[in-house]
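Colleague: For this one, chain A is given, so just place chain B on it according to the hints.
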Amino acid sequence: MESINNIELKDEIFERVGVDKELSEHLEKPSLTYWADVWRRFKEDKLAIFGLILLSIIILTILIGPTLSGHDYQLINASIKDQSPSAEHWFGTDDMGRDIFTRCCYGGRISIIIGLICTAVMFIIGSSLGAIAGLKGGWVDNLIMRIVEIVGNLPYLVIVVILTMVMGRSVFAIVLAMSITSWTGTTRMVRGQILQLREYDYIEAARALGADTKRIIMKHLLPNTLGIIMVSITMSVPGFIFGEAFLSFVGLGVRPPKTSWGALASAGQQKLLFYPHELFFPCLMIVLTVLAFHLVGDGLSDALDPKLRK
Amino acid sequence: MEKTNRETLIEVKNLKKYFKIKRNVFVQAVDDVTFDIYKGETLGLVGESGCGKTTCGKTILGLYDATDGKVIFNGIDVHSLTPEEKKDFTKKAQIIFQDPYSSLNPRMTVGDIIGEGIDIHGLYKNKEREEKIFELLYTVGLNREHINRFPHEFSGGQRQRIGIARALAIEPNFIVCDEPVSALDVSIQAQIVNLLMDLQREKGLTYLFIAHDLSMIKYISDRVGVMYVGNLVELTTSKELYKNPLHPYTQALLSAIPIPDPKMEREKKRIPIKGEIPSTINPPIGCRFASRCKYVMDICKEAMPKLVEVDKGHFVACYLHHKEKAN
Numbered sequence: 001m002e003s004i005n006n007i008e009l010k011d012e013i014f015e016r017v018g019v020d021k022e023l024s025e026h027l028e029k030p031s032l033t034y035w036a037d038v039w040r041r042f043k044e045d046k047l048a049i050f051g052l053i054l055l056s057i058i059i060l061t062i063l064i065g066p067t068l069s070g071h072d073y074q075l076i077n078a079s080i081k082d083q084s085p086s087a088e089h090w091f092g093t094d095d096m097g098r099d100i101f102t103r104c105c106y107g108g109r110i111s112i113i114i115g116l117i118c119t120a121v122m123f124i125i126g127s128s129l130g131a132i133a134g135l136k137g138g139w140v141d142n143l144i145m146r147i148v149e150i151v152g153n154l155p156y157l158v159i160v161v162i163l164t165m166v167m168g169r170s171v172f173a174i175v176l177a178m179s180i181t182s183w184t185g186t187t188r189m190v191r192g193q194i195l196q197l198r199e200y201d202y203i204e205a206a207r208a209l210g211a212d213t214k215r216i217i218m219k220h221l222l223p224n225t226l227g228i229i230m231v232s233i234t235m236s237v238p239g240f241i242f243g244e245a246f247l248s249f250v251g252l253g254v255r256p257p258k259t260s261w262g263a264l265a266s267a268g269q270q271k272l273l274f275y276p277h278e279l280f281f282p283c284l285m286i287v288l289t290v291l292a293f294h295l296v297g298d299g300l301s302d303a304l305d306p307k308l309r310k
Numbered sequence: 001m002e003k004t005n006r007e008t009l010i011e012v013k014n015l016k017k018y019f020k021i022k023r024n025v026f027v028q029a030v031d032d033v034t035f036d037i038y039k040g041e042t043l044g045l046v047g048e049s050g051c052g053k054t055t056c057g058k059t060i061l062g063l064y065d066a067t068d069g070k071v072i073f074n075g076i077d078v079h080s081l082t083p084e085e086k087k088d089f090t091k092k093a094q095i096i097f098q099d100p101y102s103s104l105n106p107r108m109t110v111g112d113i114i115g116e117g118i119d120i121h122g123l124y125k126n127k128e129r130e131e132k133i134f135e136l137l138y139t140v141g142l143n144r145e146h147i148n149r150f151p152h153e154f155s156g157g158q159r160q161r162i163g164i165a166r167a168l169a170i171e172p173n174f175i176v177c178d179e180p181v182s183a184l185d186v187s188i189q190a191q192i193v194n195l196l197m198d199l200q201r202e203k204g205l206t207y208l209f210i211a212h213d214l215s216m217i218k219y220i221s222d223r224v225g226v227m228y229v230g231n232l233v234e235l236t237t238s239k240e241l242y243k244n245p246l247h248p249y250t251q252a253l254l255s256a257i258p259i260p261d262p263k264m265e266r267e268k269k270r271i272p273i274k275g276e277i278p279s280t281i282n283p284p285i286g287c288r289f290a291s292r293c294k295y296v297m298d299i300c301k302e303a304m305p306k307l308v309e310v311d312k313g314h315f316v317a318c319y320l321h322h323k324e325k326a327n
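Note that the protein sequences, when read in sequence, are chains A and B.
Numbering-wise (my numbering), the first sequence opens with residue 1 and increments by one.
Numbering-wise (my numbering), the second sequence opens with residue 1 and increments by one.
So that you can see chain A by itself, here it is in the shape it has in the complex (with noise of 0.2 Å):
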């Protein structure tokens, strides 16, 4: 303490640093945009990157795999039915000697398409009547959760019996028939979403600067809602592909020589004591898809949920 005391403070003993205005505004952080942000926090998760890998190679064997194994989905060959998987037949052949890998590849296209088209049906109606119900609120928000509830509670089964014996058992039947009923949740999220973002500041800052109902829609309220109608998205994609199956299996679904996994599922059930690989295949292959979109479904929807960022 005395040597500190003994030290005579002059003024020329200090050196004057200033402030540099331009470095006290700096930001040490690197930039980083939401998504790389997002994609940063996902990367941590290993289980919704093993469900991204599964998803990918799912994907490109749904795509090459037909070209990989050499035969046609609909050639019927007698002389070869019901075999076990081989090296010719990696999952053996069907009642009619149809190659079932080959079928799998093609089948899976038509349940994922399904899937997507759906989904972006889904979301399409369905966000697009909750930003509005949301947004506008007053006697058309009430019109709009009104006609959710009457189409939400209409039982799902019958409509879709019913339509597919009016249209036919086409694609097109199923997706409509699955699509009708499908986006009154969707409305209800986007509904609660954009009313909860519409009392933030910068919705009445924007609206101060003169923006319109559509840019404030689109540049504010829908890429706020996006995280949330993403995890939406990811999660629904199996439900659909699982509906379709389960429509297959009950002899709704898609018409022969047009396959699906639930339509194979469906087939191979009759072969079950004999034959078991018939109903394996198809049905690992429905499992392990509806697995992979789970994984990454839970991998984003942790990965958008802000309360989580480390």
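Keep in mind that a hint or two might mislead.
What the hints assert, rightly or not - Listed below are the simulated EDC-like cross-link pairs for lysine to aspartate or glutamate, each with C-alpha atoms no more than 20 Å apart in a straight line:
| # | chain 1 | residue 1 | chain 2 | residue 2 |
| --- | --- | --- | --- | --- |
| 1 | B | Lys20 | A | Glu199 |
| 2 | B | Lys22 | A | Asp141 |
| 3 | A | Lys214 | B | Asp198 |
| 4 | B | Lys92 | A | Asp212 |
| 5 | B | Lys87 | A | Asp212 |
| 6 | B | Lys86 | A | Asp141 |
| 7 | A | Lys214 | B | Glu84 |
If you are wondering where the hints come from, they were derived from the structure by calculation, not from laboratory data.
Modeller: Chain B only, in chain A's frame:
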């Protein structure tokens, strides 16, 4: 008193804003408020939480539809504009928000946030737009490198300055500052207030400055309006208001300002207000302060006192002073 000769920019006439909560049940957030804002001045608006300051400011900008009354901006009525006129009006009147965390869209870059007004009104394109945004960033004390950053990367004070830059981007004449500093800590408050005052000097802006910090209002305002439960109870120059408050509510409010001297603070006499604030859903018929006022008279409970000019440029809505004038 040279203020009275000044050009009026905004006339607020009997402005009312009621919010419907149920059938026939309304919150009377702003009830019959009349005042003028002169060109180039700062009009402070004070009052406790929930007294309708913010609603008043937003209704003046046309962000809320008025229930009744008029807001005349430069000779045009803000609430009866066609969409094109409305867009034109938004170019002249802007707002700075209280909460710098909810007033910036988290998905937009700072450049896009500041440039939004420029884009909406198509003022500048590409290179010019970028130059303009750089200039605005510099004006509010930020750097060029911030243009591609996102709001979450900034501190509260920096975010508030981005909000100010956004309001300035389309070069308005009039800005409603809705408690722009109350969410910030004290050292940053001074920074923002000084920035606002510098900008006013440079660009000749007119402010409606809403706050509940009385010392802040005294520092920045030319004139001050005091609001109580949806009514304007007193309006005068800030010097006059702090020297000679007339309305009992203003007196009580001013006595609550802390003095940064412990000795004086201890000896200071506070005027306590007892009783509850009346509800804005079913406010009393008479003076809204009557239930808490120590000078209350019979007439106070019968009819609402009008805002009357009792001295030159000094308006007050209280029967105590109306009488004096009559005598």
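Colleague: Check whether the Cα positions of lysine 92 (chain B) and aspartate 212 (chain A) lie no farther apart than 20 Å.
Modeller: holds, 17 Å
Colleague: Against the 20 Å threshold, does the CA-CA distance of lysine 214 (chain A) and aspartate 198 (chain B) hold or violate the hint?
Modeller: Answer violated: lysine 214 (chain A) to aspartate 198 (chain B) is near 36 Å, above 20 Å.
Colleague: Within 20 Å, alpha carbon to alpha carbon, are lysine 20 (chain B) and glutamate 199 (chain A)?
Modeller: holds, 17 Å
Colleague: Sort out whether aspartate 141 (chain A) lies within 20 Å of lysine 22 (chain B), counting only the CA atoms.
Modeller: holds, 16 Å
Colleague: Does aspartate 141 (chain A) sit within 20 Å of lysine 86 (chain B), going by the straight-line distance between their CA atoms?
Modeller: violated, 26 Å
Colleague: Lysine 214 (chain A) and glutamate 84 (chain B): Cα distance at most 20 Å?
Modeller: With a Cα-Cα distance of about 16 Å, the restraint between lysine 214 (chain A) and glutamate 84 (chain B) holds, given a limit of 20 Å.
Colleague: Taken at face value, is the distance from the CA of aspartate 212 (chain A) to the CA of lysine 87 (chain B) at most 20 Å?
Modeller: holds, 9 Å
Of the numbered hints given earlier, the model fails hints 3, 6; all others are met.
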